[in-house]
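Undergrad: In order, the protein sequence lines correspond to chains P and C.
Counting in the working numbering, the first sequence runs from 1291 upward without gaps.
Counting in the working numbering, the second sequence runs from 7 upward without gaps.
Check each hint, because a few of them may be wrong.
To be verified - Derived pair list, reagent style DSSO-like, types lysine-lysine, alpha-carbon separation capped at 30 Å: (1) 26/C - 1428/P; (2) 133/C - 1352/P; (3) 1428/P - 1397/P; (4) 133/C - 1397/P; (5) 26/C - 1344/P.
Stated by the list, open to error - Counterexamples of contact, computed for chain P against chain C with all Cβ distances above 10 Å: (6) 1358; (7) 1362; (8) 1369; (9) 1404.
Worth flagging that the hints you see were computed from the coordinates, not collected in a lab.
Quick caveat: nothing in here was measured; it's all calculated off a predicted structure.
The beta-carbon is built from N, C-alpha and C at its ideal position, and this holds for glycine as well.
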Amino acid sequence: QNTRGLRSQLKDSVPVTGMGQQVGAYGVQDTLRSGFSSVKNELLPSHALELSEKNFQLNQDKMNFSNLRNIQGLHAPLKLQMEYRAARQIQRLPFLQSSHLALDTLKGNDESISFEDILNDPSQSEMVGEPHIMMEYKLGLM
Amino acid sequence: MATLSVCQPQLGGFSFENCKRNAVLEAEVTKLGCNVPSARKTGTTICGVVFKDGIVLGADTRATEGMIVADKNCSKIHYISPNIYCCGAGTAADTEMTTQIISSNLELHSLSTSRLPRVATANRMLKQMLFRYQGHIGAALVLGGVDCNGPHLYSIYPHGSTDKLPYVTMGSGSLAAMAVFEDRYKQDMEEEDAKRLVRDAIAAGIFNDLGSGSNIDLCVITKGRVDYLRPHDMANKKGVRSQRLIRPVYAYKQGTTGVLTKSVIKLDLEVVEETVQTMDTS
Chain P
1291 QNTRGLRSQL KDSVPVTGMG QQVGAYGVQD TLRSGFSSVK NELLPSHALE
1341 LSEKNFQLNQ DKMNFSNLRN IQGLHAPLKL QMEYRAARQI QRLPFLQSSH
1391 LALDTLKGND ESISFEDILN DPSQSEMVGE PHIMMEYKLG LM
Chain C
7 MATLSVCQPQ LGGFSFENCK RNAVLEAEVT KLGCNVPSAR KTGTTICGVV
57 FKDGIVLGAD TRATEGMIVA DKNCSKIHYI SPNIYCCGAG TAADTEMTTQ
107 IISSNLELHS LSTSRLPRVA TANRMLKQML FRYQGHIGAA LVLGGVDCNG
157 PHLYSIYPHG STDKLPYVTM GSGSLAAMAV FEDRYKQDME EEDAKRLVRD
207 AIAAGIFNDL GSGSNIDLCV ITKGRVDYLR PHDMANKKGV RSQRLIRPVY
257 AYKQGTTGVL TKSVIKLDLE VVEETVQTMD TS
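Work the whole structure out from these sequences, hints included.
TA: See the structure below:
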């Protein structure tokens, strides 16, 4: 019943319509950064699991926080989210790999291994992000 | 992959970038009449049974790739923890990686709780992971082990449903093996009876199902002891060739040919010249 206040957590999750359409300034699609797009490509996800995997961590957190709120009261998820926010700020700049040690310890990811750790390791990716553009994107200047 | 500029850092895990390209390629290839390469499966017979003191797990050893046998002696009984083993049917890579991930997770968990892991924990981890991927990970597993609460046997389907039963079979030969179980299973069997029952069930799968074959592997798990019998029984032994066909023997016995006359002439050799050539060993 008390999930109304947690709707704000869903603002980062990707809804079913509108798959990865990068919208730049003035609401027009961003050809410079995301290339040419076609409506057919963007309408449906390319794999049945694409959307659910993109939102998986967010949905798990939402479920856990809502359970915690129902069991222990509002203070428990609030305090935890404050700690998460603090841990998320002590990271390197976006184009460098940060270890996420504090965040992983808080979330309990340091005691489990899943496909995120084995496949597609970001520290081994073949593409290097352009530092200036990534910083401007992160700061919201672009 | 050729984006003009990368704005957000890349995340780990599954990447679905090539799915559309693969779908287009598959359509083109089927239009030309060729076949897309298929994943290696373990069309299999795996089974498990609970007996008086523990668990017996059994598996055949054939891995197929379409209509071809890819591996004549593959190992389908995977280690999860010292007291828990898991047989895997379905896509070979999926069962292999899934059991390895769960084994690592169980090890971390048992280090954190400093207790021997329980079969129910492994079952819960497996079912949550398989449900998360909605059956796209094709791993059908038979999980068995002995923990502080006694012996437990679970069967886990690719979409994430599980059953806790005293005897289970999975794989393409599961019906043949289940027929043997349904006929001869009794509660609280002795170890030798249980081993014989599992061996017969796997043999039924091997002889009646095209996807199963080769040898029979058994794994007997009791409290404090694991017997990994690989191979327990070679049901399909290739014939032993006779020695004469491998390496033909050209030496004939004495007396094969009759001897008519025999004369010995001694050759007198005299030394004519003797030269010594020194080697240059500098």
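Undergrad: All the hints need checking, so say for each whether the structure fits it.
TA: Against the structure, the hints come out as follows:
1. 26/C - 1428/P: This hinted pair holds, its Cα atoms lying about 29 Å apart.
2. 133/C - 1352/P: Distance of about 21 Å is within 30 Å: holds.
3. 1428/P - 1397/P: holds (23 Å)
4. 133/C - 1397/P: With a Cα-Cα distance of about 21 Å, the restraint between residue 133/C and residue 1397/P holds, given a limit of 30 Å.
5. 26/C - 1344/P: holds (17 Å)
6. 1358: At about 19 Å from chain C, residue 1358/P clears the 10 Å cut-off, so the statement holds.
7. 1362: For residue 1362/P, whose nearest Cβ neighbour in chain C is about 22 Å away, the distance exceeds 10 Å, so it holds.
8. 1369: holds (23 Å)
9. 1404: At about 7 Å from chain C, residue 1404/P fails to clear the 10 Å cut-off, so the statement is violated.
Violated hint: 9 only; the structure is consistent with all others.
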